[in-house]
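Chemist: Sequence:
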Amino acid sequence: MLEVKDLHVHYGVIEALKGVSLQVEQGKIVSLIGANGAGKTTMLHAISGIVKKSGGSIAFLGNDITKAKAKNIVEQGLIQVPEGRRIFTGLTVYENLMMGAFLRKDKEGIQKDLQRCYELFPILSERTNQDAATLSGGEQQMLAMARALMAQPKLLLLDEPSMGLAPILVKEIFSIIEEINKNGTTILLIEQNAKMALSIADKAYVLETGNIVLEGSGKELLNSANVQKAYLGG
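With UniProt numbering applied, the sequence shown corresponds to residues 1 to 234, in that order.
What the hints contain is simulated information worked out from the structure, not anything from laboratory work.
If you're wondering where the values come from, they're calculated on a predicted model, not measured in any experiment.
Hints should not be assumed to be uniformly reliable.
With a straight-line cut-off of 27 Å between C-alpha atoms, the simulated DSS-like cross-links for lysine-lysine are [to be verified]:
(1) K28 - K219
(2) K5 - K52
(3) K28 - K154
(4) K71 - K28
(5) K154 - K203
(6) K171 - K229
(7) K52 - K18
(8) K53 - K154
(9) K28 - K69
(10) K5 - K203
(11) K69 - K18
(12) K69 - K5
(13) K67 - K154
(14) K53 - K18
(15) K52 - K171
(16) K28 - K53
(17) K154 - K69
(18) K154 - K171
Taking CB as the label site, the calculated pair distances span [as the list claims (entries may be wrong)]:
(19) E179 - R86: 18 to 24 Å
(20) P167 - T92: 27 to 33 Å
(21) G109 - K182: 18 to 24 Å
(22) G137 - A35: 20 to 26 Å
(23) Q23 - K105: 28 to 34 Å
(24) G233 - K71: 37 to 43 Å
(25) E108 - F88: 23 to 29 Å
(26) T92 - N183: 24 to 30 Å
We put the beta carbon where it would ideally sit given N, CA and C, even for glycine.
Turn these sequences into a full structure, and let the hints guide you.
Modeler: Structure, rendered in structure tokens:
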């Protein structure tokens, strides 16, 4: 579904990604873990067309999107939930969800997906007319994910969905991620909570200073002595 080959990204003289390659198969959850500054968010921004690539290629559903604009990438069904949620304050929960559907014209489909989001995130239904700024951190994360689902993603990119959340909310968010995947959405997950990210991943990669240093199934990396020592406190 997604194939990244030998991807390079520079910020001035600094090389943030140094020839990264990864694949995401349709219907799977793929996790990319690594420390702060490893290049995880840069990876997602490169895939989404937000940052310029200095080498390599990205293909999505067989189409070369290496030089595609972000809007065109979204139109193809590749949707990102950014780090820090980036919800629209000053707009209600409902208005935020409608922003996720701004490229769509199918009114019936939009309403159907809205109800699906309210079923998946019941708290959003209760808060539908509230200013999104009044939501808790966990509720804002749910809103950011629901807003992305309103765009009908074929591939959902999640950037640090557990950041700043209490442990009980982290479990809830990851449970919802699994549910979204079971409903047919492929997921590429960027996450510092390595244990949670690997526990739900079909496949996983470890990124260190712009390089992929390990890859395997989520279970294999969860049991890897190197990963346990570096990321799991083992």
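Chemist: Could you run down the list of hints and mark each one as holding or not?
Modeler: Tested hints:
At roughly 14 Å between alpha-carbon atoms, K28 and K219 fall within 27 Å of each other, so this suggested pair holds. For a cut-off of 27 Å, the pair hint linking K5 to K52 stands: about 15 Å separates their Cα positions. For the proposed pair K28 and K154, the alpha carbon gap of about 11 Å is at most 27 Å, so the pair holds. Under the criterion of a C-alpha separation no larger than 27 Å, the hint pairing K71 with K28 is consistent with the structure, at around 24 Å.
Only pairs whose Cα atoms come within 27 Å are accepted, and K154 paired with K203 is accepted, the gap being roughly 18 Å. Between the alpha carbons of K171 and K229 the distance comes to roughly 23 Å, so the proposed pair stays at or under 27 Å and holds. Restraint check for K52 and K18: the C-alpha separation of about 14 Å stays at or below 27 Å, so the hint holds. Proximity of K53 to K154 is assessed by CA-CA distance (about 23 Å); at most 27 Å being required, the pair is judged to hold.
Our distance criterion of 27 Å between C-alpha atoms is met by K28 and K69, whose separation comes to about 25 Å. For the hint linking K5 to K203, the alpha-carbon distance of about 17 Å falls within 27 Å, and the restraint holds. A distance of roughly 22 Å separates the Cα atoms of K69 and K18; the hinted pair therefore holds under the 27 Å criterion. A hinted pair counts as satisfied when its Cα atoms are at most 27 Å apart, and K69 with K5 qualifies at roughly 19 Å.
Taking the CA atoms of K67 and K154, the gap is near 20 Å; set against the 27 Å cutoff, the hint holds. Taking the CA atoms of K53 and K18, the gap is near 11 Å; set against the 27 Å cutoff, the hint holds. Under the criterion of a C-alpha separation no larger than 27 Å, the hint pairing K52 with K171 is inconsistent with the structure, at around 34 Å. Taking the CA atoms of K28 and K53, the gap is about 25 Å. The hint holds against a cut of 27 Å.
This hinted pair checks out: K154 and K69 have alpha carbons roughly 17 Å apart, not beyond 27 Å. Only pairs whose Cα atoms come within 27 Å are accepted, and K154 paired with K171 is accepted, the gap being roughly 24 Å. The hinted range of 18 to 24 Å is satisfied by E179 and R86, whose Cβ atoms lie roughly 22 Å apart. Checking the proposed 27 to 33 Å range against P167 and T92 shows it holds: the Cβ atoms sit about 29 Å from each other.
Between G109 and K182, the C-beta spacing of about 20 Å keeps the proposed range 18 to 24 Å intact. For G137 and A35, the hinted distance range of 20 to 26 Å is satisfied, since their beta carbons lie about 22 Å from each other. Remark: the range hint 28 to 34 Å for Q23 to K105 is upheld by a beta-carbon distance near 32 Å. Between G233 and K71, the C-beta spacing of about 42 Å keeps the proposed range 37 to 43 Å intact.
In this structure the supplied range 23 to 29 Å holds for E108 paired with F88, their Cβ-Cβ distance being about 24 Å. In this structure the supplied range 24 to 30 Å holds for T92 paired with N183, their Cβ-Cβ distance being about 25 Å.
Figure legend: structure checked against the earlier numbered hints; the only hint not met is number 15.
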